[in-house]
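In short: position in the sequence shown from 1, add 6, done, that's the numbering used here.
Treat the hints loosely; a few may be bogus.
[As the list claims (entries may be wrong)] The calculated lysine to aspartate or glutamate pairs, modelled on DMTMM-like cross-linking and capped at a C-alpha distance of 25 Å, are:
(1) K140 to D155
(2) K238 to E78
(3) K202 to D114
(4) K186 to E78
(5) K186 to D81
(6) K130 to D155
(7) K54 to E116
[To be verified] Using C-beta positions, here's what the derived DEER-type ranges look like:
(8) A88 to P157: 24 to 32 Å
(9) S30 to L211: 48 to 56 Å
(10) K54 to M190: 42 to 50 Å
(11) S224 to V51: 21 to 29 Å
(12) T193 to K238: 46 to 54 Å
Derived from the structure by calculation, the hints contain no laboratory data.
Built from N, CA and C at the ideal position, the CB exists for glycine as well.
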Amino acid sequence: MNNELIARFNTPSIKLTGNHETTSLIDLETGLGNFIASRFSGLVVTDKTAPRNKGVLAFLEKELAQRVVCGEFNDPQSILSAISAKKHDSNTLPVVNVAMPVSFAFADGEAYRDIELCGDLHNKNGETIAVVHKMFVRSTASITILAEDKPTVLYLAANLATALRLYSSHGRSRFTAATKLFNMPITLHGEIESSKSVSFDSVTLPFNDSRLYGMTTSLDVVGELLQAVGVKHKPAQIEVYTALSKRG
């Protein structure tokens, strides 16, 4: 006697399409810039009459997002030229520049293993549209603070260095970055290594009839690099049969 079909199950099945999208280091640069800007959140100067605090007060009058400009420039003068060309509210000094170079390397080690199929992306109907792979990259970001006077640049550098050192005392200095893959919002995670040992070097150059004061530091950064690979759904079924024994 033939086996008898006793059950049929529809099972989800997906196939990789080959379409893929990868996040950018620009996302991490922007996330780091927002993190650096947040280190000045809550900063106050109580002695508003002291001449040395004039530049700091001007910096604090800006909105938080306008205190930092992201992007790589050849020198401090190039930073000012770029800001002026944008005609942004942050045209006036002081300003902080956050830049990640056009170079990176994959981070290896126990804490930074590649994770294939670490997650899925779903559309508004809950259908899987992509699978996600995670890797980690390492780069060195530069932070430059520019001001028209020495007291301002020293104060802002000291505040940032103190914030980074104290923040890292409670764990690694982590930050996040918002981006999209397959038009779905995701959050990247990054961290600053050895932020307790941050140090600043001075840079100066002619500016109008005076000098432009600057201080710069480098931060080792490790962040997530994600790749999403598109999938399509395949119809699939599981059929269950049973064998009937013949009674004689």
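Each hint, compared with the structure:
1. K140 to D155: violated, 44 Å
2. K238 to E78: violated, 39 Å
3. K202 to D114: Distance ~22 Å between K202 and D114 Cα, so the pair holds.
4. K186 to E78: holds, 23 Å
5. K186 to D81: violated, 31 Å
6. K130 to D155: The given pair, whose Cα atoms are some 53 Å apart, is violated under the 25 Å limit.
7. K54 to E116: violated, 50 Å
8. A88 to P157: 24 to 32 Å: Roughly 25 Å apart at Cβ, these two residues keep to the hinted range, so it holds.
9. S30 to L211: 48 to 56 Å: With a Cβ separation near 31 Å, S30 and L211 fall outside 48 to 56 Å, so the hint is violated.
10. K54 to M190: 42 to 50 Å: holds, 47 Å
11. S224 to V51: 21 to 29 Å: holds, 27 Å
12. T193 to K238: 46 to 54 Å: The hinted range 46 to 54 Å is violated for T193 and K238, with Cβ atoms some 26 Å apart.
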